[in-house]
Amino acid sequence: MPDATPSSSEQTGSPATAPNRRGPPPPTKQEISNTQRVLLSFWAVVIFLGLPIWWKTTTVYRASLPLDVMKDWSQGNVCQPTFPLRVAVEASHITPQEAQHLIKTTQHALDDLNEFSAHHLRLVVATSLSNETMETEDANVLEDDIALLVRLKSTTSSPTPSFNLHTFSPILDVFYGQNQIPSSSSGVSPLASSIAKELQSIFAEEQATLTHLLSSISWKPTQTSTLSPEMASTMTRRSTRSFKYAPTYHLTFSLFTPNSAPSDWAIESALSHHITPLLRALSPISNFTIDSQLQMYAHFSPTFPDPAYDPESKSYTLNTSDLSGFINAADWPLSPSIGAGPTINFILYVPAPHQTPLLVRENGASSWLIPQWGGIQIFNPPTGSAPSSLSADDLSPVMQTFTNQLLSLLGLPNSPSSLPVRLSTLTRVHAASLIFSASDTLGALARLTKSLPNIPIPNTVAHSVDSTIAHLHAACGHLRQGRFAAALQDARVAEAEVERAFFERSMVGQVYFPDEHKVAVYLPLLGPIAVPLVTNSVREWRRWRLARRG
Amino acid sequence: MIFRIFLSLLLLLPLACCSDYHEKLLLRPLPGNALLASFNFRSNATANSFDEQNFRYFPRSFGQILQHAHTKELHLRFSVGRWDAETWGARPWNGAREGGTGVELWAWVEAKSDEEANSRWLTLTNALSGLFCASLNFIDSTRTIRPMKTFEPEGLHPKSMLPNLQLLHGVLPHEVVCTENLTPFVKLLPCKGKAGISSLLDGHKLFDASWQVMSIDVRPICHGDDESNCILEIEQTVDMVLDRERSKRPRDNPIPRPLPMDQIECDVSKPYHAEDSCYPLEKSSEPAWDLAEIFGRHIKGDCPITGDDSMTVCVNTQPERIINVFTNPEDQDFGMKKIPEENLTCFEPPSNGTDFSLSFPEQNMTTPLPLASPRIHAFRSITGYGQERGGIQAIIQNPSSTEPLDVIYLESLPWYMKPYLHTLRSQLSPPSTIQPIKETYYRPALDRRRGTHLELKLHIPPGSSLTLTYDIEKAILRYTEYPPDANRGFDVAPAAIRVLPGPNDAVDEDTRRRGIYVRTTSLLLPLPTPDFSMPYNVIILTSTVMALGFGGIFNILVRRFVAADEVPENKLPLALTALVARFRGRIRQVITKAMGNREKTE
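If you read the protein sequences in the order shown, they are chains A and B.
Position 120 (the first sequence) corresponds to 120 in UniProt numbering; numbering is contiguous.
Position 248 (the second sequence) corresponds to 248 in UniProt numbering; numbering is contiguous.
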């Protein structure tokens, strides 16, 4: 533009004094259409090339999740848990007809007694059942399904009917008098109703636990019965005290003493006598690892008040309110064990000789439980001063206390007296609670996905969600058919999968990279390009509008 | 000979006897008012109880880590400072309980494949990192090597185990060792710093030392091939050299002050010697010192579970040196034993938490304490200048006039320091025809994946010094790879040198298994560091260039070119001038009003 330079210098020399302006010549049609085409092609590049590339390169990958199904699970629309328990009746001394009749009347009485429709007892004849198992393939599953075996035995001696629940096997012996077998004509029988009452009382606590569990979840199942307030508070206390279900628990037994004595304890034999058999019984539900340690010179924390001497009981006492500070968390090496699963701590504390015996003031107890953490017991040596080594005999009562603490930390119900029945109760409760918590986590994941459109969702999450839903379906089906051990297995897998999906690490990073940041980075490029493009487009658009009007 | 003393101390501790716990403190005054305090704690666990996780004296947290990572033997070192071999002589434990500055870890991990070993090593470093509050988790694949000849298992492993054991070695020269590492270390001890010699361990004094090493060694001892017969031994040592003068300063007033004139011995032969001027002489007498004063606390009785050798506190001085024993309450029973041929005096602290301390008055000594001379001296430094290239020079001296020295020299270099192996030169002085490099093992670095591993077997004739040199190139790192203080430089791990046992070395089995080691100091490698606002500058610069290009092309395509007098009148400047004029008028009005008001008030 060689001819433009002199004119521009002239213009800058006298910008304000331009008396006779000619005004620009009207643009030719060719010029206008050229400008418009140029603008259009720029816009085309921006819209058809720039924006897709931008979109493609900055969008986060979100695998598609079955959000509706997840929501359905979390609201309980898919699975209404039921607990059909099968009770086998073995009556070898009476005719099959009589037995059938007895079972029928007992079942009637049971159904009348039951208020909780989701949890019901189904009586079956033991002999016919064994025939059935011969035919079906999965004999083991059916065997495991029997919650209780009722054995009818005739007796003449004791007041009848009387009941005997075995402690170490799921068997209830019923002793009846010869004349108590109902004839097939009579509708009601005292024997049937007393058996029904007994069965109902055996499973009362389980029903209460399940009722409490159902009432605590977010969606309210339809067929719940209500608990008495004191029962409800017992259940709440138990559920706050017990550990959340885990496939593996680590048990740590620790001996703490503020001195150098005792410096040895017969822990190997004590564990093998008292703890290992119990853990073997619990092994279908969870796995356990055991470790033990001995720690000398373990002092209380400086803020912990010294035990006061109580002349009345001739002992040193701790206030109940101070017990929470008993563990010196800073100094005592009570770090959780390595590996997945929570650690349950059991602490045996041998007090210093000048503080022996050491008791809790309010109730004179020497052991207590810390909810969801473990149990503590104070060992007051009978001789006053601690021996240099604790023998297996010394440890025997201690281990019994630890056993009780372990059972209550695991959430085992207090009744009935039969341990296998309590364990199978625990299986059902855990299966149900795992299904609920997995469903709940699914719902939370669905809500999270909706509320944070920025986070990426990798394929692994989608896979985990699919697997969770499949396992939840399976677990629910097992529960409905009364296969509780299988239900627990599936629910366990579902819970693990959904936890992995929810805590997927790669989902977190993007949350902290907000859109404002991206805009700030690209503004130096977008600003200088967008301003001329937009102003020129506006001008051309105005011109085009004027031309159309004019 | 200092290592003889350590040897004899070990002989005092019988290996697998009655008790499972032993502890020992050796105090040894060094020239230059320094004091070497060497703590040693040892406890055992049978393989059976260890496998069943019934821990008694073996710490549970540590044992569980070893089990989880399938680690059969482990050596962990936390070190600060430098051992001044010229003044202080041979190193304690022959350097076998030392590591390079920072943190050093090597372990034998049981694994069937390399991948398995790596993943277990990762587990191990992560777990130890949590236990010791150290950044051990930063020992990743770039800092891990598998030394060939430098380290040999100290423990007696069952023969069936040996083929599956893999040695991995990692160093963190940048790590600053401090009190938070000592607290978990002391917690691992059965008496936990509440009784016995460990009650002397105080972070303030320990980390005020001129040189200090904390070490943990776990090794199995199996007799025969039966695995159930094994015991697992954990040995914890703390070695430190304290400056006696500095340690005596009160904690609330730590500023050093000159001694009063009458306490300084002056050289009266100097011509300028007068009332107010003095040329201080080195004191001819042994200065007075007190254990409690130097450590800031007393020994709180003995640790009652200590085994049959309860003479836990030993002082390495001349037999005629006067030692006063302090107990509180007074006149408590304590044991004492003199071993004149070793220049040792050992004490058994009283029981039941009685305070116990030793004090040494100022005394003129006729015979000086013999100082063992080190077997080897080693120095290493960076040569060259500039941000691109450099060199490494290592000097290894054999002070012995009769014995040749065979050593293994190990370098573990970070990947961003790239050595040129073809430039590796060795030079003996005095010059000799012997080729000093006998064997070479070299595993080159891979960018961001592994570091350089260089291992050399060297032979040094008597009285010679060997100079090794090689050139290096410095890599340019990515923006995010720089640490927060990039301009400080990057720490390069010390070289580890192992002295191979010669034919004339008459040493016992245990000392031979531990070996003789020396480590050079760590290096600080300056790398080219960029300006860290660079990414934003780059974004803005590229954006500007692109916007300029776009603007030019766009304007040429869209603008109409008209003659100068044809330009339509721009309304914007006119409107702006009018606005400015109005604003000025407003301001002037306000000012005149204000002036008027002031005049009125005056």
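Simulated from the structure, these hints should not be mistaken for lab results.
Check the hints yourself; a few may be wrong.
[Stated by the list, open to error] Facing chain A, from chain B, some residues (calculated, C-beta under 8 Å):
id, residue
1, Arg-56
2, Cys-191
3, Cys-222
4, Gly-552
[Unchecked claim] A few chain A positions that, by computed beta-carbon distances, are all more than 10 Å from chain B:
id, residue
5, Ser-92
6, Ser-117
7, Ile-146
8, His-299
9, Leu-423
10, His-473
11, Val-519
[Stated by the list, open to error] To give an idea of the chain A side of the interface with chain B (calculated C-beta under 7 Å), a few residues:
id, residue
12, Pro-26
13, Val-38
14, Asp-173
15, Asp-291
16, Ser-292
17, Tyr-297
18, Ser-337
19, Ile-338
20, Pro-342
21, Ala-474
22, Ile-529
Ideal placement from N, C-alpha and C gives every residue a C-beta, glycine not left out.
Checklist entry - Which of the listed hints are not met by the structure? => result 3, 4, 8, 12, 14, 20 and 21
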